[in-house]
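Model the full assembly from the supplied sequences, consistent with the hints where possible.
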Amino acid sequence: MNDIKRYHPLIIVFELWKLVRNSAFFALFLFVLKYNSEAAFVRYGRIAFIVILGFSIVHIFIKWFTHKYKLDDTSFHIYKGIFTKSKQTIPFINVQNVNRHTSLFHRIFKVTSLRLATGMEGSDATIEFTVISPTEADNIERRMCVPILDEAKTTQPSEGEKGVSPSGVQPEMQHADRTAPHRMIHFKPTKKDVLKASFTSLSFLILIPLLGSLYTKVDEIFNVEKEAEGLLSTILSSWWLVTNVVIGLIVISVSIGIIRTFLKYGEYEISSDTNRIYIKKGVVDSTSFSISKQKVQAIEITQSTMKRMLGLVEVKLISAGGTNDEEDKQEINTLYPFLPVTRAYKLISEILPSYEVTEEMTRLPQKSLWVRMLKPSWFWLISTGALYYFKPKLLGWEHTWWVLSIVLFVCVYVSRLFDFFHTRFTLNHNYIQIKTGALTTSLFVSRRDKVIEVKVTRNLLQQRLGLASIETVQQAKPVCRTTINDVPIEMARAFYTWYLGRTNEINVK
Amino acid sequence: MYSQINEPQQRLAKDFIKVTIINDTIENIVWYIILGVLFYLDHMLEWKEWIGWVLISIAIISVIASIWSFISPFLVYKNWRYDVSEEFVQLKSGAIREDHHLIPMTKIQAVSTVQGPLLKKYGLCTISIKTIGTSHTIPALPKEAAVELRNQIAAFAKIKEVE
Numbered sequence: 000m001n002d003i004k005r006y007h008p009l010i011i012v013f014e015l016w017k018l019v020r021n022s023a024f025f026a027l028f029l030f031v032l033k034y035n036s037e038a039a040f041v042r043y044g045r046i047a048f049i050v051i052l053g054f055s056i057v058h059i060f061i062k063w064f065t066h067k068y069k070l071d072d073t074s075f076h077i078y079k080g081i082f083t084k085s086k087q088t089i090p091f092i093n094v095q096n097v098n099r100h101t102s103l104f105h106r107i108f109k110v111t112s113l114r115l116a117t118g119m120e121g122s123d124a125t126i127e128f129t130v131i132s133p134t135e136a137d138n139i140e141r142r143m144c145v146p147i148l149d150e151a152k153t154t155q156p157s158e159g160e161k162g163v164s165p166s167g168v169q170p171e172m173q174h175a176d177r178t179a180p181h182r183m184i185h186f187k188p189t190k191k192d193v194l195k196a197s198f199t200s201l202s203f204l205i206l207i208p209l210l211g212s213l214y215t216k217v218d219e220i221f222n223v224e225k226e227a228e229g230l231l232s233t234i235l236s237s238w239w240l241v242t243n244v245v246i247g248l249i250v251i252s253v254s255i256g257i258i259r260t261f262l263k264y265g266e267y268e269i270s271s272d273t274n275r276i277y278i279k280k281g282v283v284d285s286t287s288f289s290i291s292k293q294k295v296q297a298i299e300i301t302q303s304t305m306k307r308m309l310g311l312v313e314v315k316l317i318s319a320g321g322t323n324d325e326e327d328k329q330e331i332n333t334l335y336p337f338l339p340v341t342r343a344y345k346l347i348s349e350i351l352p353s354y355e356v357t358e359e360m361t362r363l364p365q366k367s368l369w370v371r372m373l374k375p376s377w378f379w380l381i382s383t384g385a386l387y388y389f390k391p392k393l394l395g396w397e398h399t400w401w402v403l404s405i406v407l408f409v410c411v412y413v414s415r416l417f418d419f420f421h422t423r424f425t426l427n428h429n430y431i432q433i434k435t436g437a438l439t440t441s442l443f444v445s446r447r448d449k450v451i452e453v454k455v456t457r458n459l460l461q462q463r464l465g466l467a468s469i470e471t472v473q474q475a476k477p478v479c480r481t482t483i484n485d486v487p488i489e490m491a492r493a494f495y496t497w498y499l500g501r502t503n504e505i506n507v508k
Numbered sequence: 000m001y002s003q004i005n006e007p008q009q010r011l012a013k014d015f016i017k018v019t020i021i022n023d024t025i026e027n028i029v030w031y032i033i034l035g036v037l038f039y040l041d042h043m044l045e046w047k048e049w050i051g052w053v054l055i056s057i058a059i060i061s062v063i064a065s066i067w068s069f070i071s072p073f074l075v076y077k078n079w080r081y082d083v084s085e086e087f088v089q090l091k092s093g094a095i096r097e098d099h100h101l102i103p104m105t106k107i108q109a110v111s112t113v114q115g116p117l118l119k120k121y122g123l124c125t126i127s128i129k130t131i132g133t134s135h136t137i138p139a140l141p142k143e144a145a146v147e148l149r150n151q152i153a154a155f156a157k158i159k160e161v162e
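Residue numbers (numbering that gives the first Met the number 0), protein chains in the order written: chain A, 0 to 508; chain B, 0 to 162.
No lab work stands behind these hints, which were simulated from the structure alone.
Mixed in with the good hints there might be a few duds.
For lysine-lysine, the following DSSO-like pairs were computed, each having C-alpha atoms within a straight-line distance of at most 30 Å [what the hints assert, rightly or not]:
1. B:Lys157 - A:Lys454
2. A:Lys315 - B:Lys91
3. B:Lys120 - A:Lys454
4. A:Lys315 - A:Lys390
5. A:Lys374 - B:Lys47
6. A:Lys67 - A:Lys84
7. A:Lys454 - B:Lys91
8. B:Lys91 - B:Lys77
9. A:Lys67 - A:Lys4
10. B:Lys47 - A:Lys454
11. A:Lys366 - B:Lys13
12. B:Lys129 - A:Lys86
13. B:Lys119 - B:Lys129
14. B:Lys77 - A:Lys454
15. A:Lys434 - B:Lys129
16. B:Lys47 - A:Lys392
17. B:Lys77 - B:Lys120
18. B:Lys13 - A:Lys454
19. B:Lys157 - A:Lys86
20. B:Lys120 - A:Lys434
21. A:Lys390 - B:Lys47
22. B:Lys77 - A:Lys374
Below, the structure is given as structure tokens:
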């Protein structure tokens, strides 16, 4: 079990496929488009291309022979390097979350890929298996639970910061867990949910730019505009044809939207056991995410204007092991992004019993509205300056610049007004809830022991009016700062004292 | 701001003002030499007209900034306070915008003292405190006090939280 292992041999195929995909463009350019070219850069380019390609292929093979890994009871050991050997040890306890991504490629070969994100800085922050057999992935993922279990147990007697579930019940449940993890499914979208989601995300609108670009492409080749003039006038002349075409387009775009949403969010599944939360999504390209409940740093509930109208929210779990990788920005730390509000709150209390979300929150006092209104808007000042200088004319209308400036001014102040009305806060005994945002609101819930630092600032105006701005810092990647501006000074004091109280609830070693 | 907890009391070293002003003066001199060279080149090589305007506006901003750099050290010194307890580091600074920081000891990852040539001449040290995601500095403390504080923070911060 604890042997040094090589990575899955299919990694070679996967890497070769990636190499082909990445070099296809150069190959096409050098050998097809410039087929007859005798230019020096093409000639040397071809040589360089072949040499680099050869090295890359050799590198892929050598990499497979030299890179190895080992699992023991507490940590990962990773061996790599061709000339310079390196060995890295990562304790399981440092792994913040586990990500599994099964693309079409993986599906064909019945394998998957696995990423373990740690909270560390630098390029070694994630342990990645680009190809791994599902059984091995399961095996690794299962190990992630074990040390946390042990730790939870040792800290249990000392009135922990955890309180994963009401203490007393936990020990037996943990024992049961060790043998057979009991997973409970909390949410699976119904057909109705998917339909709602596809309308909310407005994905059916995608057809418009698509049709537009298609039209211009076709137009370039066939010069449709001239040819179709006759056809177009016949179509336009008969109203029923027009209606049919329009209805047809709407039906097509709506169904495309629904299919897209279904492929993305259809097979969503949120489940949890006593220690971990699991999120699965995707029909063809499936991704799954799992995180230990203790490693959830905060919860963020966001709501766009559209979602507010439909009563939907998006719930995000903030984890310390974020991925900076572009490739992996799949927003998988999101519990279903189109949850009905009440369902979302119920879901949170189900999967994270240590978090409490209340809907009773305090509004800002009237005077903070004045501070917001009096604050100069640098954005507006600068853009007005630029508009005045350039005086752009929209459709030859020379008053464009000052009208635009007024429109901007109104937008800025309306959004400030919205922000004022949306901003709310609450200090529960060991939670803080902050809600901000003008059009898209975000409600931020964090536990006191997860906040790594607090800050209170007061500018001159705030000092005069008895207001302050407060900020919490969460461990995430990059660090997640949540600010709420212009709260009453008493609140800021309470906030400071509240944070000092964290010493009573943390366990130290 | 501080109803239930003690306001931080410790101040920076008085020499902070002197050191900062000397430092700023050196920086200002270097900057004005560069600016002067640019003006000279602009005049000699007859660069485009807008470059001249840009240079003039930069010069005006620089003058304001250098006047400010002679006032600000006094304000910074007057308003800087810090304190270290067994559980928290407290920092307070700023005259126009008051900043209060509360950093738990258990979240501190590294603490170090830094000393440049100027600070060395006056026997001062800067302390920098790093947490998981943020970093803070306490500028200009007397060397012994700084080393003591560093060791104190290091001793307190040795304790780590169980996550």
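List, from low to high, the hint numbers that the structure doesn't satisfy. 2, 3, 4, 5, 10, 11, 20
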